[in-house]
Structures are given as C-alpha cells and as structure tokens.
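Enquirer: So you can see what is in the structure, the chains are spelled out below.
There are 2 protein chains.
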Amino acid sequence: MEPVFDVLAEPSRRAILQLLLRSERSVGDLERTLKRPQPSISKHLRVLREAGLVESRTEAQKRVYRLRPEPLVELDRWLEPFRCLWEARLDALERHLDRMPIEPKKKGSKR
Amino acid sequence: MEPVFDVLAEPSRRAILQLLLRSERSVGDLERTLKRPQPSISKHLRVLREAGLVESRTEAQKRVYRLRPEPLVELDRWLEPFRCLWEARLDALERHLDRMPIEPKKKGSKR
DNA sequence: CAGTTATATGCCTGAAGACGTATATATCAA
DNA sequence: TTGATATATACGTCTTCAGGCATATAACTG
Numbered sequence: 001m002e003p004v005f006d007v008l009a010e011p012s013r014r015a016i017l018q019l020l021l022r023s024e025r026s027v028g029d030l031e032r033t034l035k036r037p038q039p040s041i042s043k044h045l046r047v048l049r050e051a052g053l054v055e056s057r058t059e060a061q062k063r064v065y066r067l068r069p070e071p072l073v074e075l076d077r078w079l080e081p082f083r084c085l086w087e088a089r090l091d092a093l094e095r096h097l098d099r100m101p102i103e104p105k106k107k108g109s110k111r
Numbered sequence: 001m002e003p004v005f006d007v008l009a010e011p012s013r014r015a016i017l018q019l020l021l022r023s024e025r026s027v028g029d030l031e032r033t034l035k036r037p038q039p040s041i042s043k044h045l046r047v048l049r050e051a052g053l054v055e056s057r058t059e060a061q062k063r064v065y066r067l068r069p070e071p072l073v074e075l076d077r078w079l080e081p082f083r084c085l086w087e088a089r090l091d092a093l094e095r096h097l098d099r100m101p102i103e104p105k106k107k108g109s110k111r
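Just so you know, the sequences run in chain order E and F.
For the first sequence, the working numbering puts the final residue at 111, and the numbers step up evenly by one.
For the second sequence, the working numbering puts the final residue at 111, and the numbers step up evenly by one.
Note that these hints are calculated values from the structure, not bench results.
Source: prediction; values computed, not measured.
Watch out, some of these pointers could steer you wrong.
Claimed, not checked - For the chain E half of the interface with chain F, some residues (derived, Cβ under 7 Å), not all of them:
no. : residue
1   : 5
2   : 9
3   : 86
Unchecked claim - Covered by chain F, per the in silico footprint, the following chain E stretches (three or more residues, Cβ under 8 Å):
no. : stretch
4   : 25-37
5   : 42-48
6   : 79-85
Heads up, the beta-carbon is just placed ideally off N, CA and C, and yes, glycines get one too.
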C-alpha cells in the first residue's frame with residue numbers, strides 16, 4: 001500500500017500508466033510518445049515494475065510493458081471508505097460540511 | 001489533480017485523513033492519536049488544507065479539522081478508467097494478461 | 001565475429017520535502 | 001495586563017529522488 005502512492009506521485013509515471021491503459025507499449029514507444037529521454041523512461045518503468053504496476057515481456061530486442069492492476073486495486077480499496085462522503089447523494093457531505101462558514105471574520109493577517 | 005498524489009504520498013497525512021473519516025479532530029487530538037510532534041501535525045495539516053483535502057474551524061483556542069472530499073473525488077475519477085481492468089469480471093484482465101508467460105527462459109542473470 | 005538497435009544501469013548534481021527545535025501567534029482565564 | 005493553553009511558522013539539516021549524461025548489457029543482423 002505504501003509504495004503505490006509514492007510511485008503515482010510522479011507525473012511521468014502516471015502518464016505511462018495511462019498510455020498502457022490503451023495498449024502494451026515498448027520503451028521506445030513510450031519514449032517517443034512522452035518525449036522524454038530513454039533513460040528516464042526506463043527508470044520510471046523500473047520503479048513501476050518494482051511496485052508491481054507493470055510487467056514486461058521480451059520481444060526481440062524490445063521490451064514490451066503492460067499494466068498490472070493489483071496495486072491499483074489496493075488504491076481503490078484505500079479510497080473505498082471515503083467514497084461514502086460523496087457517493088449515493090450529497091446528504092452525508094452536506095451534513096458534514098454545513099456547520100459553520102469556516103472562514104472567521106479575518107481582519108487582515110500576514111501572507 | 002497533480003497535488004493530490006503528492007499529498008497522499010505521505011503516510012502521516014493518509015493517517016490523518018483516515019482519522020478524520022471517523023470524525024472531526026483538533027490538532028492536539030491528532031497529535032495524541034498519531035503520537036507525533038505537534039509542529040509535524042500542523043505542517044501536514046497545512047499541506048492537506050492547501051490541497052483542499054481538509055478545512056478547519058476555530059473553536060476557542062482549538063482548531064478543528066474536517067475532511068473535504070473534493071480532491072478524493074478527483075482521485076476516484078483518475079482511477080475510473082483503470083477500474084475496467086479488474087471490475088465486473090476478470091475477463092478483461094485475463095485477455096490483457098494471457099498472452100505470454102512474461103518470464104523468458106531465464107538463464108541466470110544478475111540481481 | 002563486428003555492428004546496430006533497444007534497453008538498462010551508474011554516477012553526479014540539484015531541488016523538494018520531512019523532521020526537530022525554537023519561537024511566534026492566537027485565544028482564553030483571572 | 002499576565003499567564004496558560006493551543007496551534008502555526010521559521011530555520012537548519014538530512015535524506016530522497018528526478019534529471020542528465022555516459023556507459024553497460026542484451027538481442028538481432030550479417
């Protein structure tokens with residue numbers, strides 16, 4: 001659970017995952033699509049692989065990467081208990097929010 | 001969208017969100033529950049607040065924090081397209097996965 | 001074998017961020 | 001006002017990590 005969030009914190013890695021959602025891709029393929037240097041792509045793929053988010057097969061000289069959903073399932077489960085805050089009607093949310101205007105009078109502070 | 005992942009990458013911050021899921025909490029409350037120094041809690045709360053994940057109201061000397069679901073809704077939406085990989089049957093997942101055994105012959109490599 | 005293509009890794013540097021300590025700010029009570 | 005309680009911020013330090021560059025490894029071609 002812990003690593004998933006760290007891994008997803010990187011925009012390029014999220015971009016890779018979204019590309020792999022469409023179809024498998026080779027490193028060079030990702031490189032050209034994301035327009036980032038190849039070592040960068042490879043390093044991100046390594047992180048994704050070690051987090052179980054992708055796996056690869058060898059195809060000639062190429063390495064073709066594909067998604068592995070499991071860690072995302074964990075993320076989905078983590079999100080699950082929060083979902084009641086907005087799903088199935090806003091009532092719970094409103095009950096949660098409607099209590100006070102939050103913002104005090106505010107008489108000019110710093111920043 | 002970008003900041004949500006960064007904010008959630010911190011374990012203490014996720015812990016705070018999960019505590020706030022049960023009920024509102026003051027800073028000292030969180031401090032005692034999480035057993036972390038108060039400045040640390042306050043800083044994390046600031047990050048959470050600036051990311052829109054919590055809001056606070058003043059109550060005497062205390063500041064009571066509560067959840068704000070919106071950024072989590074975004075996260076939920078981000079996750080949405082991936083959900084077809086495991087939801088509503090594994091067929092899609094299997095179609096995705098069953099193509100090759102991934103692992104090549106493996107004749108003793110490093111690591 | 002040598003050469004080419006495709007990908008991975010090592011090393012360095014810079015920037016972001018988490019932590020601890022001290023201190024500032026705010027609110028209440030007397 | 002003073003003092004106590006509750007929270008926020010500032011500063012310095014240390015670690016982590018992404019980026020860039022060079023180079024190593026692997027697989028194909030001839």
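Enquirer: Evaluate each hint against the coordinates.
Expert: Comparing the hints with the structure gives:
1. 5: 5 Å, holds
2. 9: It holds, given that the least Cβ distance between residue 9 of chain E and chain F is near 4 Å, below 7 Å.
3. 86: Given a least distance of 5 Å, the restraint on residue 86 of chain E holds.
4. 25-37: As far as the stretch 25-37 of chain E goes, the hint is violated, because 0 residues have Cβ atoms under 8 Å from chain F.
5. 42-48: violated (count 0)
6. 79-85: holds (count 5)
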